[in-house]
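**Q** Each chain, written out:
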Amino acid sequence: MSQVKTIKVNAIKNGTVIDHIAAGKVLKVIDLLNLTGDNSVMLGMNLSSNKIGKKDIIKIENRELSKEEANSIALISPSATLIIINDFEVVNKTSLEMPEYIEEHIICPNPKCITNSEEIPSKYYINNAEPATARCLYCEKKYLVEDLKIKI
Amino acid sequence: MKNLISMRDLSKEDIMQLMDTAAKIEKGEIVPNMQRKLAALLFFEPSTRTMFSFDTAMKRMNGDTIIMSGAKNTSAKKGETFADTLQTIAQYSDIIIMRSPTEGAARYAAEVVDLPVVNAGDGANQHPTQALLDLYSIIKTQGKLDNLKIGLAGDLRFGRTVHSLAQAMAVFGADFKFISPSFLQMPEYIKDDLIEQNIKFEEFKDIEGNIDDLDILYVTRIQKERFADPEDYEKVKGSYVLNKTMLGNVKDNFKVLHPLPRVDEIHTDVDDTKFAYYFPQAKNGVYTRQAIISILLGEV
Ligand SMILES: [Zn+2]
Chain A
163 MSQVKTIKVN AIKNGTVIDH IAAGKVLKVI DLLNLTGDNS VMLGMNLSSN KIGKKDIIKI
223 ENRELSKEEA NSIALISPSA TLIIINDFEV VNKTSLEMPE YIEEHIICPN PKCITNSEEI
283 PSKYYINNAE PATARCLYCE KKYLVEDLKI KI
Chain V
6 MKNLISMRDL SKEDIMQLMD TAAKIEKGEI VPNMQRKLAA LLFFEPSTRT MFSFDTAMKR
66 MNGDTIIMSG AKNTSAKKGE TFADTLQTIA QYSDIIIMRS PTEGAARYAA EVVDLPVVNA
126 GDGANQHPTQ ALLDLYSIIK TQGKLDNLKI GLAGDLRFGR TVHSLAQAMA VFGADFKFIS
186 PSFLQMPEYI KDDLIEQNIK FEEFKDIEGN IDDLDILYVT RIQKERFADP EDYEKVKGSY
246 VLNKTMLGNV KDNFKVLHPL PRVDEIHTDV DDTKFAYYFP QAKNGVYTRQ AIISILLGEV
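Protein sequences, first through last, are from chains A and V. Oh and the first sequence: position 76 is 238 in this note's numbering, straight run, nothing missing. Oh and the second sequence: position 162 is 167 in this note's numbering, straight run, nothing missing.
It is possible that some hints are incorrect.
[To be verified] Here are the simulated distance ranges between beta carbons:
(1) A:I214 <-> V:E207: 39 to 45 Å
(2) V:E116 <-> A:G186: 33 to 39 Å
(3) V:D211 <-> A:N289: 34 to 40 Å
[As the list claims (entries may be wrong)] The calculated DSSO-like cross-link candidates involving lysine-lysine, where the alpha carbons are at most 30 Å apart (straight line), are:
(4) V:K229 <-> V:K7
(5) V:K279 <-> A:K303
(6) V:K17 <-> A:K303
(7) V:K210 <-> A:K304
(8) V:K154 <-> A:K303
(9) A:K304 <-> V:K288
(10) A:K303 <-> V:K196
(11) A:K304 <-> V:K7
(12) A:K285 <-> V:K7
(13) A:K311 <-> V:K196
(14) V:K7 <-> A:K303
Keep in mind that the hints were calculated from the coordinates and are not lab data. Model, not experiment: these values are computed from the prediction. Positions of the beta carbon are idealized from the N, C-alpha and C atoms, including for glycine.
Produce the entire structure from the sequences given, and follow the hints as far as they go.
**A** So this is what it looks like as structure tokens:
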């Protein structure tokens with residue numbers, strides 16, 4: 163039995179592909195990366211994937227995401243992979259690493275936390291155990307990363 | 006050490022340095038001089054006892070205090086930010102000692118101002134000076150902090166004091182007995198932390214019969230308001246009141262601690278036994294806070 167792969171999203175010449183995003187999470191990733199500039203962005207949703215069943219995908223033309231930018235995506239979908247394209251060739255393919263420290267993107271779920279009463283960015287330390295947890299620098303509460311709301 | 010915000014920031018060495026300094030201050034071996042030093046006591050949430058303890062600590066060292074108490078933020082009405090309030094007070098004083106109902110407020114204050122900041126309690130989060138004075142009381146009565154058998158009784162769910170103490174004593178390899186009504190048990194996240202550190206604990210529902218092998222029993226108040234039905238409170242209340250008759254077979258070195266104020270969870274007939282240590286514990290709070298202030302201001 164051979165499986166036929168259909169390309170549902172056009173190839174890009176130069177830029178970044180974020181593949182294997184958990185299905186339904188792609189819009190959150192776009193918000194997180196602030197992809198509102200000049201770059202062309204293509205996205206696919208609910209594509210079939212041998213690896214994770216259903217997946218979302220983003221292709222960003224002419225922008226190479228930094229390792230840090232890419233790793234923050236791990237908060238939304240740790241399964242995602244990062245592919246750098248140069249002249250239609252894959253030059254680098256890496257899986258994401260959960261960052262150790264995240265500033266601003268996490269909304270602290272603790273209503274008594276100072277980050278929810280003052281205009282200050284949240285600061286979170288991530289413990290990449292199984293399951294990954296995150297602790298607020300300010301109120302020191304610990305949460306499962308998958309339960310956290312990401313600020314967009 | 007630049008600030009004292011959370012017990013999490015302290016190494017075992019930091020703690021032992023603080024214990025040592027408090028002991029030397031108590032014995033008069035070192036006499037820190039805070040003449041012309043001013044501590045700003047910012048109590049955005051009132052706590053008379055903690056405030057008095059810091060005020061006493063500063064004044065016992067010839068220092069002085071300015072006090073803001075009660076209001077969440079005296080300038081909030083005028084639209085001033087918390088950061089601006091802190092910056093302004095930092096111009097007047099040498100050290101900021103702060104209590105707030107907002108969790109993380111002291112950590113944030115330490116980021117905003119250049120002065121040392123002491124956390125005197127931030128909501129349900131941390132109250133490190135209480136934890137340190139508890140440790141000082143333990144080391145004074147037991148001669149050590151390592152490998153002690155500690156009972157924590159009362160409201161273990163909402164009691165910030167018992168959480169900090171459990172975390173602090175875990176560093177020293179304590180063995181715990183948690184004594185509480187089932188719905189006021191030690192929270193899972195604290196128990197998870199202890200399990201991660203290979204710390205042993207057992208859970209019980211009565212004080213009576215569970216204290217004979219302890220070195221320390223730390224009693225806290227169970228607030229009636231925690232119970233949905235006042236009758237449930239009346240039913241279990243007796244299990245969490247320590248009285249003299251329960252002390253018949255306790256160890257010779259056994260001591261009873263309590264953060265105070267006490268209501269009725271320790272019967273007054275315990276007070277004149279050699280096991281009662283809650284009033285000296287309050288006095289230890291002054292030595293501990295003197296040590297903290299002195300270390301942060303570089304006076305020892
Ligand atoms: Zn927080």
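**Q** Now, for every hint given, state plainly whether the structure supports it.
**A** Hints versus structure:
Between A:I214 and V:E207 the beta carbon distance is about 43 Å. The supplied range of 39 to 45 Å therefore holds. Roughly 37 Å separates the CB atoms of V:E116 and A:G186, a value that falls within the hinted 33 to 39 Å. A hinted range of 34 to 40 Å for the beta carbons of V:D211 and A:N289 is consistent with their spacing of about 37 Å. Between V:K229 and V:K7, the direct Cα distance comes to roughly 40 Å. Violation of the 30 Å bound is thereby established for this hinted pair.
Distance check on the hinted pair: V:K279 and A:K303 sit about 39 Å apart at the alpha-carbon level, beyond 30 Å; violated. Restraint check for V:K17 and A:K303: satisfied, since their Cα atoms lie roughly 22 Å apart, inside the 30 Å limit. Straight-line distance between C-alpha atoms of V:K210 and A:K304 comes to about 28 Å, which keeps the hinted pair within the 30 Å bound. Proximity of V:K154 to A:K303 is assessed by CA-CA distance (about 27 Å); at most 30 Å being required, the pair is judged to hold.
Taken as a hint, the A:K304 and V:K288 pair is broken in the structure, with Cα atoms around 34 Å apart against an allowance of 30 Å. Using a Cα cut-off of 30 Å, the hinted pair A:K303 and V:K196 holds, with the two alpha carbons roughly 14 Å apart. Distance restraint check for A:K304 and V:K7: the Cα-Cα separation of roughly 25 Å lies within the 30 Å cut-off, and the hinted pair is therefore satisfied. Straight-line distance between C-alpha atoms of A:K285 and V:K7 comes to about 20 Å, which keeps the hinted pair within the 30 Å bound.
A hinted pair counts as satisfied when its Cα atoms are at most 30 Å apart, and A:K311 with V:K196 qualifies at roughly 25 Å. A hinted pair counts as satisfied when its Cα atoms are at most 30 Å apart, and V:K7 with A:K303 qualifies at roughly 23 Å.
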